[in-house]
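Peer 1: Just so you know, the sequences run in chain order L, E, R and W. Counting from 1, position 181 in the first sequence corresponds to residue 181 in the working numbering; the numbering is continuous, with no gaps. Counting from 1, position 163 in the second sequence corresponds to residue 163 in the working numbering; the numbering is continuous, with no gaps. Counting from 1, position 64 in the third sequence corresponds to residue 64 in the working numbering; the numbering is continuous, with no gaps. Counting from 1, position 64 in the fourth sequence corresponds to residue 64 in the working numbering; the numbering is continuous, with no gaps.
Rather than coming from a laboratory, the hints here were simulated on the basis of the structure. Heads up, a few of these hints could be off.
Straight-line Cα separation of at most 27 Å, DSS-like style, residue types lysine-lysine; simulated pairs [claimed, not checked]: (1) K559(L) <-> K513(L); (2) K235(R) <-> K138(R); (3) K559(L) <-> K48(R); (4) K139(R) <-> K122(R); (5) K559(L) <-> K439(L); (6) K181(R) <-> K139(R); (7) K88(E) <-> K62(W); (8) K48(R) <-> K439(L); (9) K62(W) <-> K299(L); (10) K66(W) <-> K88(E); (11) K299(L) <-> K64(R); (12) K64(R) <-> K139(R); (13) K122(R) <-> K138(R); (14) K299(L) <-> K66(W); (15) K65(R) <-> K299(L); (16) K122(R) <-> K64(R); (17) K523(L) <-> K48(R).
None of these values were measured; they are calculated from a predicted model.
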Amino acid sequence: MGQTTVTHDSHAAHGHDHHEQSFIMKYFFSTDHKIIGLQYMFTGMFMAIVGGYFAYAFRMQLAFPGMEVPLYGTVGPGQYNMLITNHGAIMIFWVAMPVLIAAFGNILIPLMIGCDDMVFPRLNRLSYQIFLLSVVVLFMSFFVQGGGFGGAWTSYPPLSAVAEYNLTDWGASLWLIAVALEFVAFLIGGINFVTTSMNARAPGMRMTDIPIVVWMIVLASIMFMASVGPLIAGSVMLLMDQRVGTTFFVPSGGGDPVLWQHLFWFFGHPEVYVVLLPALGIVAEIMTTFARKKLFGYKTILYTTFATGGLAFVVWAHHQFIAGIDPRMANIFLVTTLLISIPIAEILFSYVATLYGGSIEFRTPMLWALGFLVTFLLGGVTGIYLGSSALDIYFHDSYFVIAHFHSTFFPIAIIGMFAGLYHWYPKMFGRMMDETLGKIHFWGTIIPFNGIFLPLFLVGMAGQHRRIYNFQHFPDLATADLQGIRVFATVSLVTMLLFQFVFAYNFFVSMFKGEKAPANPWKSNTLEWTVPSPPPHGNFAELPTVYRGPYEYSVPGNKEDYWPQNMPDRN
Amino acid sequence: MILLVAPEIPANSNAERRQLVSSSIFATVILIMTEVMFFAALISAYMIIRSGAEEWPPWGQPRLPVFATALNSLTLLASAFCLHRSVKVFSSQSSQSKQLLALTIALGTVFVSVQGYEWVQLISFGLTITSSTYGGVFYLIIGAHGLHVIGGLLALLACLRRLNSTSQQLTIDNLRAAQIFWYFVVGVWPVLYTLVYLL
Amino acid sequence: MIEYFVPSASTYAGDIDFLFDMITVIVGFWFVMVLAVMTYFMVRFRRKEGVRASYISGDPHSQKKWTHYPHYSVIALDVVIIVFTVMVWVDVKQTLPQAEDKIRVVGQQWSWFFIHSGPDGKLGTEDDVSTVNDLHVKKDTVYHFELESRDVLHNFSVPAFRLRQDTIPGRTITGWFEPNKTGVYDIQCAEICGYGHGIMGATIVVHEDQQSYDAAMESIRNRTYESDYQKRLQKMTVSTASNSESFTDKLLSSF
Amino acid sequence: MKAVPAIVITGLASLFLHFDVQACAVCFSSSENTRAAFYLTTAFLTVLPVAMLIGGFYWVRKLQQKHDAVDQS
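One chain only, chain L, in its complex shape:
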């Protein structure tokens, strides 16, 4: 890390200057939190395209085995493993994390707490540069000899540790290096988010005046940082197994493969909540704005979120119920796993209760927020099946698991991202997006999404297991009925991907031709809506003072139904 500091310090002089900057300096070496946020967002969206393309390729292979996939080519077993591995890793590490935490965190935190930039602007820029490096390394891993890594995103050793087993010598190492770099990037970013929101709040902003989305991003960052240490340690050990020849995870040399599962899932489960919380926060902002309602039980939600954060660290072994751990340990983790449904249920109940007595306007962001709740509810309740250890004997590594976690991750990463994007688009680019196209995009995404994953619950119940490139070798699974379901899921996927072109059109055309956005198009309360759209460098002409909480909508006795946080008494 010391080395990188030196190289990037040479750009530092250009960082915070207020004179006219060249295009490259402005958009590539900026220390402005908004620009860095957009960099993260565009990189994340690009990676989403890559991840979606991979999903398209392997779903086509599953529906029409052995046929040439249009725009891809033939998918062999090695190719298939590489596609699913990198689809998983990209969607979690290079889409959900950068967009939900890094992009929205960077754009929203300073604006929402009323300061001009992050506390450590140059660390922030370094974070993005390391992230970009990780993307480059990941792409390198696809093109080395032997092809990309194909040991699943969980990369269980000894498969991932020994080149003779995985047949992708350098692909596996580069993949691991890319993941490790990505962690370092978010570690730096996360430190920045937490420090900024605790230390740079506008005068008068108490802890309970912080918008819930900022809290959620902060808690997610803290959870990330408390959980990532073991995985960094594990990655170093696995990398040494691959390249130096140690045997930490290789049983023939005295190592223990289950140890990796321990270290991996210790990070892997909190990671789910790390990406969930920012999405929940975004949804809370949108629902209060468009229902013109105060958030139902701000403090309850805050404390249950704390509880979720704590509980998230004691559930991780439920991924290993039948992985050779002591079966008695499973009982403990069964209890903790079902316990975590309690705070999450409380949060969802509060969100639904927020709708009560509202004046709900179904604009595009609100549709996405409500779509999030419904889809996430489906993912949440199916999690109970898998948390039940005895039932997990049957469902472990089956398509039921796939359908379950896509029903949670899709609302989190994709619906949450679109919700936030439609909501803050006017603030980011200073123009409004087209409402009709937005609604077409919403329905065109949410219906095919359920068309993909509801059938996959069924094939999961039929005993179809994961990561199989072709079910020809499993006679019970190669029936015409199940194949029909697979084709249906694939057709839904292609439909959903095609509808994303509507979004792309809307996004890029509105950026230049859209209607000019006023400072506060949604009549919202939080501080980011008090500055012009898009906000200038330095954000606030004069630093705001905060008088009240962020959700004072429809306060009785006020003429307007909103009451911005920085506005003194209206009467």
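Given chain L, work out where chains E, R and W should sit, using these hints.
Peer 2: Quick look at chains E, R and W alone, frame taken from chain L:
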């Protein structure tokens, strides 16, 4: 980690706002949370790998120099004490503070060099990172700690350089952040020493 | 509900199916309830001209109870699920009924290697019968299996028995099952194990009685045995090969 | 909410009872040491972050209270 405490980081532009605690200290504390978990994972890995071995240390592998390392540990503890004194007199007697800081760095360097010498010896006796899982975890854990010591030393050096320069001012907060990190590095050592050398 | 998709062919399969149905009832109720309430709110409280939203903070207890009472019942239902799950789990994974016969299952890249204990009922003796990708068991017999792996992690999975267990190189994992329905079922490898993970299937044959089991064992010993796994695969290849190769034909025919 | 800890403790206790009553029937056959090490490290890794989070929470809360006290004076 050097970045966080390095004095070249521009001070918070919202400096007129009263902070909960100085940003550099806050950031260091959060970083240390990650570091604690990092070492916790290494310790867990050590315990699990060791429990699976039939004989520990394995047959034919050299024993670790317990006593020499104990003496070396004292150097590290002494450096923490020097740093403690240095921060205490930072505002009142800056020249003494500077000397104590230099002494801290010197002691830290001695620790790292002695550890390095020990490694050279051990490698010549046949304990290498691939010779057994014993060697593997030894070099992994002690090496990870060694890198943290070097990182901490660089941070302290950066503080010292600022203390000497006339153009840049070293604030007590920056020094405190470096101090917290150094305390962590020193504090985790006895745990690792007990685990790897003694048990 | 699982039994509609996969036959239930072991003694504990029914318990696991029951657990599935029970959880479906519980979470299904909540899922439908929450959706119904949400839909009602969305319709009832949609924006109307001149109607202002009400100001509800959700902080006083009189309001908080609306989320707390459902939330308590979630806790109660969680406890129900935990109790039933632990009962089934203890039965399947924590108790080991007396063995009537033993098998050893060895996973390797990318096939299954089975050792039947032979007439003496002990593993590691002269009369052991070993096969690749074909496992033969008798109905109504308690089997102990010993799982081993030669290289990487695999997962011994028999959906019809509701049985899944990872195999770990360097360890032997013991478990049990008791088939109670004759038939020929799939064995899968349910943990990714490299390039050939997708071809790592096998077949388990549950024999009605000792005679047909012995006949199979005898044919394996004197090398006249035709692999049941290969026979099933060939039957399937014939049926799929008749399909047209054209992309659209395949698409249409699959509906 | 007061009922929650009681339920949790009773539930956990009823589960822990298996530990003494039953010998581990379906375990991997590696040594007793490894099993103990897995238990120990699992407990260690789960307790540590939760303890740090709780500690951090109280630390920040104390700092904030100090902050507020200055505001009022």
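Peer 1: For the pair we were handed, K299(L) and K64(R), check the Cα-Cα distance against 27 Å.
Peer 2: Distance ~11 Å between K299(L) and K64(R) Cα, so the pair holds.
Peer 1: Holds or violated: are the alpha carbons of K523(L) and K48(R) at most 27 Å from each other?
Peer 2: 17 Å, holds
Peer 1: Does the structure keep K235(R) and K138(R) at a Cα separation of 27 Å or less?
Peer 2: Roughly 24 Å between the alpha carbons, so the hint for K235(R) and K138(R) holds.
Peer 1: Within a Cα-Cα threshold of 27 Å, do K139(R) and K122(R) meet the stated pairing?
Peer 2: 19 Å, holds
Peer 1: Check whether the Cα positions of K66(W) and K88(E) lie no farther apart than 27 Å.
Peer 2: 23 Å, holds
Peer 1: Please work out if K64(R) and K139(R) have their alpha carbons no farther apart than 27 Å.
Peer 2: The given pair, whose Cα atoms are some 57 Å apart, is violated under the 27 Å limit.
Peer 1: Take the C-alpha atoms of K122(R) and K64(R), compute the straight-line distance between them, and say whether it is at most 27 Å.
Peer 2: Violated - the C-alpha atoms of K64(R) and K122(R) are around 64 Å apart, more than 27 Å.
Peer 1: Is the Cα-Cα distance between K62(W) and K299(L) 27 Å or less?
Peer 2: Holds - the C-alpha atoms of K299(L) and K62(W) are around 18 Å apart, at most 27 Å.
Peer 1: Given the proposed pairing of K559(L) with K513(L), does the C-alpha separation stay at or below 27 Å?
Peer 2: Violated: K559(L) and K513(L) sit about 34 Å apart, past 27 Å.
Peer 1: So if I understand the rule, the pair passes when the alpha-carbon distance is 27 Å or less; does K299(L) with K66(W) pass?
Peer 2: This hinted pair holds, its Cα atoms lying about 21 Å apart.
Peer 1: When you check the alpha-carbon spacing of K88(E) and K62(W), does it fall within 27 Å?
Peer 2: 24 Å, holds
Peer 1: Within 27 Å, alpha carbon to alpha carbon, are K559(L) and K48(R)?
Peer 2: 17 Å, holds
This entry does not satisfy hints 1, 5, 12 and 16, going by the numbered hints stated previously.
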